[in-house]
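Chemist: Single-letter residue listing:
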Amino acid sequence: EPEVTQTPSHQVTQMGQEVILRCVPISNHLYFYWYRQILGQKVEFLVSFYNNEISEKSEIFDDRFSVERPDGSNFTLKIRSTKLEDSAMYFCASSVRETNEQYFGPGTRLTVT
Amino acid sequence: AQKVTQAQTEISVVEKEDVTLDCVYETRDTTYYLFWYKQPPSGELVFLIRRNSFDEQNEISGRYSWNFQKSTSSFNFTITASQVVDSAVYFCALSVGGSNYKLTFGKGTLLTVNP
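Protein sequence lines, in the order shown, are assigned to chains S and L.
Convert by adding 77 to the 1-based position in the first sequence; the result is the number in the working numbering.
Convert by adding 43 to the 1-based position in the second sequence; the result is the number in the working numbering.
Please note: incorrect hints may appear among the correct ones.
[Said to hold, decoys possible] Using 30 Å as the maximum straight-line C-alpha spacing, the simulated DSS-like pairs for lysine-lysine come out as follows:
1. 150(L) x 134(S)
2. 160(S) x 150(L)
3. 155(S) x 46(L)
[As the list claims (entries may be wrong)] Facing chain L, according to a computed beta carbon distance under 7 Å, are these residues of chain S, among others:
4. 122
5. 125
6. 132
7. 142
8. 176
9. 178
[As the list claims (entries may be wrong)] Listed next, the stretches of chain L that the computed footprint assigns to chain S, with coverage defined by at least 3 CB atoms under 8 Å from CB atoms of chain S:
10. 56–68
11. 141–149
None of these hints come from the bench; they were simulated from the model.
Using N, Cα and C, we set each Cβ at its ideal position, and we do this for glycine too.
With the hints as constraints, model all of the structure from the sequences given.
Modeler: Below, the structure written as structure tokens:
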């Protein structure tokens with residue numbers, strides 16, 4: 078069964094550094110998303126992406142964040158100048174159509190020290 | 044703005060008991076979609092069900108059932124004859140066209156099923 082994959086599973090970085098989180102969505106899906114979950118809290122929307130453009134972004138997705146689909150399979154989230162409060166689990170998700178269910182990857186745990 | 048409320052923070056039951064997880068949503072859109080996701084201790088988010096706002100039929104899938112009532116803006120989830128493997132955090136979520144169908148999640152309900 079097709080699934081969303083994410084790498085790495087855990088990323089540790091020092092404050093101020095840049096990180097890139099990688100995702101491979103399900104192959105026939107057209108809509109891509111990033112969410113984050115701070116430990117013990119609810120899942121929060123970061124950004125949605127369709128047709129090589131950002132469809133919507135949340136207040137969390139500030140100028141330090143960017144997304145890219147560099148080729149036909151990968152979908153990346155870049156965070157520049159990381160802060161301690163960026164520490165969270167980051168989930169990638171994809172869906173066939175925007176109204177359909179989103180399938181989530183296993184997540185990348187980002188720890189900023 | 045959209046909002047999802049899961050008033051039950053934690054529920055603890057004994058195996059084989061039935062348990063209902065509550066979800067109340069708020070939206071001004073007439074077309075919307077409701078979802079339930081399961082997050083087991085391993086951390087992944089597992090899709091369980093999707094309903095659209097025009098389909099109020101209740102749904103049953105094995106030991107799982109869902110009750111959607113527009114009149115009370117609720118989309119409750121019942122597990123019948125609970126099992127230890129049902130222990131997880133369960134999230135209710137809402138998507139609407141006015142927000143590009145992003146998922147708005149509730150805070151989740153931690154269900155612990157004890158043997």
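Chemist: Any of the earlier hints contradicted here, and which numbers?
Modeler: 7, 10
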